[in-house]
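Engineer: Starting from the known structure of chain A, fit chain B onto it as the hints suggest.
Note that the protein sequences, when read in sequence, are chains A and B. Numbers 1 to 111, taken from my numbering, label the letters of the first sequence in order. Numbers 112 to 225, taken from my numbering, label the letters of the second sequence in order.
Note that these hints are calculated values from the structure, not bench results. Since the structure is predicted, the reported quantities are computational estimates derived from the model, not experimental observations. Some hints could be false.
[Stated by the list, open to error] No more than 25 Å apart at the CA atoms, straight line, and that leaves these computed lysine-lysine pairs for PhoX-like:
id, chain 1, residue 1, chain 2, residue 2
1, B, K155, A, K42
2, A, K68, B, K155
3, B, K173, B, K155
4, A, K1, B, K155
5, B, K138, A, K42
6, B, K173, A, K1
[Unchecked claim] A few chain A positions that, by computed beta-carbon distances, are all more than 12 Å from chain B:
id, residue
7, L49
8, T74
9, P82
10, D84
[Stated by the list, open to error] Distance ranges between label pairs, derived from CB positions:
id, chain 1, residue 1, chain 2, residue 2, range
11, A, P14, B, E151, 25 to 35 Å
12, A, E17, B, D208, 38 to 48 Å
13, A, R72, B, E174, 36 to 46 Å
14, B, G127, A, K42, 22 to 32 Å
15, B, R175, A, A9, 25 to 35 Å
16, B, Q128, A, E17, 46 to 56 Å
17, B, D208, A, D27, 15 to 25 Å
18, B, E183, A, Q95, 27 to 37 Å
19, B, S177, A, D27, 21 to 31 Å
20, B, R131, A, R55, 36 to 46 Å
21, B, Q128, A, P14, 29 to 39 Å
22, B, K162, A, Q95, 16 to 26 Å
23, A, R72, B, E129, 41 to 51 Å
24, A, K42, B, G196, 20 to 30 Å
Using N, Cα and C, we set each Cβ at its ideal position, and we do this for glycine too.
Each chain, letter by letter, is given below.
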Amino acid sequence: KQEVTQIPAALSVPEGENLVLNCSFTDSAIYNLQWFRQDPGKGLTSLLLIQSSQREQTSGRLNASLDKSSGRSTLYIAASQPGDSATYLCAVYNQGGKLIFGQGTELSVKP
Amino acid sequence: NAGVMQNPRHLVRRRGQEARLRCSPMKGHSHVYWYRQLPEEGLKFMVYLQKENIIDESGMPKERFSAEFPKEGPSILRIQQVVRGDSAAYFCASSPDLSLNEQFFGPGTRLTVL
Numbered sequence: 001k002q003e004v005t006q007i008p009a010a011l012s013v014p015e016g017e018n019l020v021l022n023c024s025f026t027d028s029a030i031y032n033l034q035w036f037r038q039d040p041g042k043g044l045t046s047l048l049l050i051q052s053s054q055r056e057q058t059s060g061r062l063n064a065s066l067d068k069s070s071g072r073s074t075l076y077i078a079a080s081q082p083g084d085s086a087t088y089l090c091a092v093y094n095q096g097g098k099l100i101f102g103q104g105t106e107l108s109v110k111p
Numbered sequence: 112n113a114g115v116m117q118n119p120r121h122l123v124r125r126r127g128q129e130a131r132l133r134c135s136p137m138k139g140h141s142h143v144y145w146y147r148q149l150p151e152e153g154l155k156f157m158v159y160l161q162k163e164n165i166i167d168e169s170g171m172p173k174e175r176f177s178a179e180f181p182k183e184g185p186s187i188l189r190i191q192q193v194v195r196g197d198s199a200a201y202f203c204a205s206s207p208d209l210s211l212n213e214q215f216f217g218p219g220t221r222l223t224v225l
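Here chain A stands alone, though its shape is the one from the complex (with noise of 0.2 Å):
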């Protein structure tokens, strides 16, 4: 049974400081892996999609790893900023099609 695992549960940063967000799961068979963001009471917001023939993807300041040998993800923020301040949320996509999530980090980032 695949199991994603997301550490930290929570952070917080100073404005401008690099973080590096962590995300494993326990079953390399996976497809893809998707990172998302969620603001309180709100929805999901797609950051960055890695298919599992990847090995990162980059967006702006976001730039998400992928070792599926090891099963491990890492989000890497660079230059963070108050309006970073979120739930960070890493899924894995099983054979299916569906995702399995982890239980999130939530960043702060002090202005």
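Structural biologist: Showing chain B alone in chain A's frame:
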């Protein structure tokens, strides 16, 4: 191209009533997924549907919950005889093709059971 639409955005029901949640997928998308986010918990898969077919309902509670995606119209998640433990945010996602696997999420319906 409008995104995934869900309505209502907020729904309040008393215990024992029925709740109907609607999801209109993105144009051209024929795959719909429902997820539930209980308070202080992560998002959990409930059901995966294609037009007129339930593909995977392994995450659905065995009783009181049902889902459909008719040939015409939105997908419906129906909860009969709601209880307080059903209070949660229910998210719908759609995708155009299983092989592409990227799902696009709606804004969610927040159900409160009094």
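Engineer: If a hint holds in the structure, say so; if it doesn't, say that too.
Structural biologist: Structure-based check of each hint:
no. : hint                       : verdict
1   : B:K155 x A:K42             : 16 Å, holds
2   : A:K68 x B:K155             : 22 Å, holds
3   : B:K173 x B:K155            : 15 Å, holds
4   : A:K1 x B:K155              : 14 Å, holds
5   : B:K138 x A:K42             : 22 Å, holds
6   : B:K173 x A:K1              : 20 Å, holds
7   : L49                        : 5 Å, violated
8   : T74                        : 19 Å, holds
9   : P82                        : 23 Å, holds
10  : D84                        : 19 Å, holds
11  : A:P14 x B:E151: 25 to 35 Å : 27 Å, holds
12  : A:E17 x B:D208: 38 to 48 Å : 39 Å, holds
13  : A:R72 x B:E174: 36 to 46 Å : 38 Å, holds
14  : B:G127 x A:K42: 22 to 32 Å : 30 Å, holds
15  : B:R175 x A:A9: 25 to 35 Å  : 32 Å, holds
16  : B:Q128 x A:E17: 46 to 56 Å : 48 Å, holds
17  : B:D208 x A:D27: 15 to 25 Å : 23 Å, holds
18  : B:E183 x A:Q95: 27 to 37 Å : 30 Å, holds
19  : B:S177 x A:D27: 21 to 31 Å : 29 Å, holds
20  : B:R131 x A:R55: 36 to 46 Å : 44 Å, holds
21  : B:Q128 x A:P14: 29 to 39 Å : 48 Å, violated
22  : B:K162 x A:Q95: 16 to 26 Å : 21 Å, holds
23  : A:R72 x B:E129: 41 to 51 Å : 43 Å, holds
24  : A:K42 x B:G196: 20 to 30 Å : 23 Å, holds
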